[in-house]
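Undergrad: As a plain string of letters, each chain reads:
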Amino acid sequence: METLALQKEATTVQTTTTISGSEAVLKALLAEKVDTVFGYPGGAIMPIYDALYDYNDRLKHILVRHEQGAIHAAQGYARVSGKVGVVFATSGPGATNLVTGLADAMIDSTPVVCITGQVFAHLLGTDAFQETDVINITTPVTKWNYQVTDATEIPSVLAKAFYIAGSGRPGPVVIDITKNAQLQMFEYAGYKRCEHIRSYRPKPIVRKEYIQQAAQLINGAERPFIIFGQGVVLGKAEKEFLRFVEKSGIPAAWTIMGMGAIPTDHPLAAGMLGMHGNYGPNLLTNECDVLIAIGMRFDDRVTGRLDKYAKQAKIVHLDIDPAEIDKNVKTAVPVWGDCKETLPLLTELIEQKVYPQWLQRFKDCQAKEDQKVIQNELHPAGDVMTMGEVLRNLNELTNGEAIIVTDVGQHQMVACRYAKMNNTRSNVTSGGLGTMGFALPAAIGAAYGDPSRTTVAIIGDGGFQMTLQELGTIMQFKPNVKIMILNNQFLGMVRQWQELFHQRRYSFVDITSPDFVQVAKGFGIPGQSVSDRKDLRSALETMINADGSYLLEVMVGKENNVFPMVPQGRGVAEIVLGSDEV
Amino acid sequence: MSKQEYTITVYTENQIGLLNRIAIIFSRRKINIDSLNTSPSEVDSVHRFTIVINETEEVVRKLCRQIEKQVEVLKAYYNTADEIVWQELALYKVPTEVIAAEVKVERLLREHGAKAVVIRKDYTVFEVAGHREETDKLIRVLEPFGLIEFVRSGRVAIIKASDGFHEKLKEFEYREPGEEAIENEYLDQGEKVFTM
Chain A
1 METLALQKEA TTVQTTTTIS GSEAVLKALL AEKVDTVFGY PGGAIMPIYD
51 ALYDYNDRLK HILVRHEQGA IHAAQGYARV SGKVGVVFAT SGPGATNLVT
101 GLADAMIDST PVVCITGQVF AHLLGTDAFQ ETDVINITTP VTKWNYQVTD
151 ATEIPSVLAK AFYIAGSGRP GPVVIDITKN AQLQMFEYAG YKRCEHIRSY
201 RPKPIVRKEY IQQAAQLING AERPFIIFGQ GVVLGKAEKE FLRFVEKSGI
251 PAAWTIMGMG AIPTDHPLAA GMLGMHGNYG PNLLTNECDV LIAIGMRFDD
301 RVTGRLDKYA KQAKIVHLDI DPAEIDKNVK TAVPVWGDCK ETLPLLTELI
351 EQKVYPQWLQ RFKDCQAKED QKVIQNELHP AGDVMTMGEV LRNLNELTNG
401 EAIIVTDVGQ HQMVACRYAK MNNTRSNVTS GGLGTMGFAL PAAIGAAYGD
451 PSRTTVAIIG DGGFQMTLQE LGTIMQFKPN VKIMILNNQF LGMVRQWQEL
501 FHQRRYSFVD ITSPDFVQVA KGFGIPGQSV SDRKDLRSAL ETMINADGSY
551 LLEVMVGKEN NVFPMVPQGR GVAEIVLGSD EV
Chain B
1 MSKQEYTITV YTENQIGLLN RIAIIFSRRK INIDSLNTSP SEVDSVHRFT
51 IVINETEEVV RKLCRQIEKQ VEVLKAYYNT ADEIVWQELA LYKVPTEVIA
101 AEVKVERLLR EHGAKAVVIR KDYTVFEVAG HREETDKLIR VLEPFGLIEF
151 VRSGRVAIIK ASDGFHEKLK EFEYREPGEE AIENEYLDQG EKVFTM
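Read top to bottom, the protein sequences are chains A and B.
The numbering used here numbers the first residue of the first sequence as 1 and each following residue consecutively.
The numbering used here numbers the first residue of the second sequence as 1 and each following residue consecutively.
The shape of chain B in the complex, shown without the other chains (with noise of 0.2 Å):
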């Protein structure tokens, strides 16, 4: 099995020290995290996490479940890049009379959709929000034109194939099974089972 990049999507309760707790199960394995990016989700109270690694699926698959039994993690998802929606957010700083003076400046920014956030006498910032190769490429392009200050976000991703987390949850605020296992309602419909 090869490494490649996955996208770790990670729903949780919105708890002080929740981020160590994640962040470690990584850093004790000695695996580097490429983007890490918080956000409130689409459920009020339930916090995001989207995290992205280079590494094998079966140590994707491991590090989900080491995730989801921190007991405030509700569901650790991970995905390839084609089953996910992604965008990271770079920042530009580039001297505003460079800008001014080179026409192909201009042009670069242009095809690469840069928007200008701030235009001051010494200085512009531009974003541009795509992929990271995207994003690199434009650091390449500006690097001889004097590129004072470069920075970008964690990547913030979608799951294709999600039905968003509302169902989700009522299945989790749905008490424990009772000490009847077979009576349990969910038992014969795997989808509706919780797996990892």
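Isolated chain A (complex conformation) (with noise of 0.2 Å):
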């Protein structure tokens, strides 16, 4: 026995080896199949940075040009890949920088583990150079955040920290990591990876007796539709999705963050749901006798005002986040769970159907649209061009197979209503937190997510000046960014509520930009400014063609403003087609 226990002995300490936290970092992103980080340095985090050396052929590092940059990248290449977005930063100030990046990833649900380097455990509380309380500006902020002093923590904390940021309903996890524990050296048993947390149910249970409750809703229903979100796609069920929505023959209309998870030209795609989506969806809303709604959350963007909101209808949500349900909107059916679990479900249960008068409400409603504002933004009589009509010249070339990142603003509505998108994970936008700038970081960390698809960033003249920095990170790195600006010479969103309902007090909107062919020259990148429609086609293709990354700078009519619109404190079926019914 007592040999038997010795040799037991000899082969545990065979398997462990001496290592440092840094070591130990990185050798848990490896177990985690990370292969892109993005980071920027600094006097905090120099220890896994000098541990990062010697594993620069294993592990990627993009070196950004702010810390913001950083986050947003990561957000672009979760998003875009399925996979958790991994974030390095220093203390202070580089974690600071995160906090934007922070918010919008908790906001749209986004993957993404943060690491930020922090003083000397010694030193905490002391306000020691670059010293700042990161876990308590952090927490409003983020899914789940811890401190890690010691360096035996951290295999288990970042196997937490990757588990929680991937599973349930996804979000942003920071480990801050004290430079001694960076430093100290410790016996590594190996990287175990973390499937439960005892706390912690990141799938509530499918209760059966919801599915069928709502399944008979549905195949009761006359006006049935359904409005889905990006749920669909962070739960990687979209085929699910789509045989859910052919077997059941209703409409289906989508959020922002939704748009994608099925083609856009789906017969039964109905378009997009929200203060400037399309004006079926938004109108039909309040006809509609069942209101199926999946992976979504009734952001007041998409409901208008909450007492016009589908009061005549019976509402099914399916949701993997408790919380949500009756959060904005009481539901008859609440369907808990992760949608790839309950789609199935509910599929088996509901009859196969077509609706026919009711989509014909649909393409009515299309048609109104069509006449009143599409024809008009893709195809204008007048010599200004229009954002519309660039997309459009887009979409043909790019034949809606393209990754399509768009910052915050006009840009923002035009590229989400008249992009096509044949494939999910196409769309990345800031939705829930509207973050001006978020594009061109995010395109970049699309193009590590996908280097097999084009990435085309649409970006307005305000956002491109808030992160242009990271052309930097492009003329270093190289990742394939086609930059497309749609140039109005305002900020153009505001200028348009202005003008909309503050009597054209123009405030603070007009922006002049410097000459961004010339910005981007300096960054060694070609780009070209087009303001004649004659030379639109031929730029695009340019841009397309090009070998590596292109910036092309599109001027667009100043004041063009983007309808239909739901004005703000209004019900969604008193949506307007244009500024004369506002």
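FYI, nobody ran anything at the bench for these hints, they're computed from the structure.
Virtual Cβ for every residue (Gly too), placed ideally from N, Cα, C.
There could be a bad hint or two in this list.
EDC-like, lysine to aspartate or glutamate: derived pairs with alpha carbons at most 20 Å apart [unchecked claim]:
| # | chain 1 | residue 1 | chain 2 | residue 2 |
| --- | --- | --- | --- | --- |
| 1 | A | Lys-330 | B | Glu-57 |
| 2 | B | Lys-62 | A | Asp-35 |
| 3 | B | Lys-62 | A | Asp-299 |
| 4 | A | Lys-203 | B | Glu-171 |
Calculated Cβ distances over 10 Å to all of chain B for the following chain A residues [said to hold, decoys possible]:
| # | residue |
| --- | --- |
| 5 | Lys-60 |
| 6 | Pro-140 |
| 7 | Asn-219 |
| 8 | Asp-299 |
| 9 | Pro-322 |
| 10 | Glu-499 |
Interface residues of chain A toward chain B, partial, derived using beta-carbon atoms under 8 Å [as the list claims (entries may be wrong)]:
| # | residue |
| --- | --- |
| 11 | Lys-143 |
| 12 | Trp-144 |
| 13 | Ile-197 |
| 14 | Tyr-200 |
| 15 | Ala-323 |
Hints in hand, dock the two standalone chains.
TA: Structure below.
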């Protein structure tokens, strides 16, 4: 017995090795199959960067130009690849620069793990150089965060971080590691992935009775309507969703975050919901008898005035996050669970149906919108170029196969209204937080997330100036990003509101821009600016066919507005098609 | 729906920073916490928060869902005052000479069930355990007699209908349901499925 015990001890000794906390961080990333890290070094994270020097062959590190760029890139990477995005940043300002991205990832449920350096544990709370209370600053904008002060915790904490970020309703996680823990040598016994935390329930248990009740409601409906959000994409349930839609024969409209989960030209695709969504989906929300909401959270930009929202409808809400059920809109049947599990169960119980008359209502609305808005936007009669016609030309060149990354504002709404998408994970935008400056770094991340596809970043002249330093990242690491600036020489969305609701008092929306083509040139990125329609098509072709990154600036109408619009404070059925109706 | 007093009981892991995570759920919505107490629970290693707020049931239900969403929270319950047995502890510091001189004070203290915790030459500290209105009443009574200091603890509450957290915890420690959702053994037993 004694020898056996000794032998056993001997084998365990052989399986552990002495490594530093920093090396344990990198081993954890490799075990989690991370291939790309976006980051920026600094004093408190130097030991990790020192270890990275030896891991450079296995782990790609993209040096961004600002930590906000790192986290947006990680978001873009995660949204396109379906994997967890990873960020390195130093303590203090490095960490606080992540906050906007964390808030963005939190509200758009993007899986990101940020590893921040922190001052030595013995200096915590002493106002040391570059010390900031990262854990408390990031608590409201993280799904989970944790400070590591001892290296032995690193493997298990990182395993938890990846599990929490990627499971259930995904979200951002911050792991703050003090410098002493990064330097500390310890007995490393290998990495074990985390699969269960007793206090954490990523997926509520599916309850069959609710599935049955939902199916009953759907089968008895005369005018059912599906509205879906990013939950379908996050649950990797696109196929299950498509089968549900096709068997049910019910028209399906998407939130901005759900866009692309089914092809945008699918016969049952009803268009986009929300403030600048399509006419039919908004109007008919208040005419359907059963509203089936899947993986969406009834954001105020989708619902308009809540007391005028779908009051006539019985609402079935499928969501993985029980806190979303009944949060904004009262449901008749709450279907808790991962839609990858609940949708097939529901599809099995529903009858195969078609609703020709009901679908005709959507077609009639579409025709009205075509005539009043879309025709003029896609094929303008005047000389001034519209954002819509740029999108139409882009669609014709990319055939709906490109990844479209958008910033925030008018161009975002126009892009999401008119872009064609055949594939899921094609739409990367800041939906919930509305973060200007998101697109350029997110597009860099998207290009690494799926290098096989063309990534087009559509950005306004305002938003581009918020993070244009990331052109430096493109210059150095050469991800293939097609940058398209739709320049209306205004902060267009704010200007539109000032025009419509503030008596044209244009308060600080007149923004001047540098010569973007010259700026790009300074970063070694070719580009051109187009202000004449006759040059648009060939310029877009040049951009798409360029060997690497390319910047195309298109001068569009200065005071064009985005319609339709559900003005703030009104119900979805009060959607207007032009400024004459506001 | 009108506002009333609710006592929220939260079972959690014992984790640094969790108090902040829970507190900001209230402050973000501009909801005042009337009383907050943290303590161990009936289960070793499981922590228990007792939070009192004045809100409508709908708001309280949503708050509990947000609290349960936190990774390190096991479960949140909310109850009205009649569904719990609760106590708060209050301490009163009064000048000893007044106590000694005024017979009336002594009678008042007896009436309110106050116990002397410390008696010194200069001051005496009394304690009263009870409901809010009981401890409040004694403040008003003692004020004319030179009440020097007053402090009241957070509420602690026992849920009348609760069977304790041991069984619930076993359920949570039970592994996640398998791939086949329909094979879940709790599926048709509404009671055993954790609900919010």
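Undergrad: Taking the earlier hints as the rules, which of them does this structure contradict?
TA: Going through the list in order, the structure violates hints 2, 6, 9 and respects the others.
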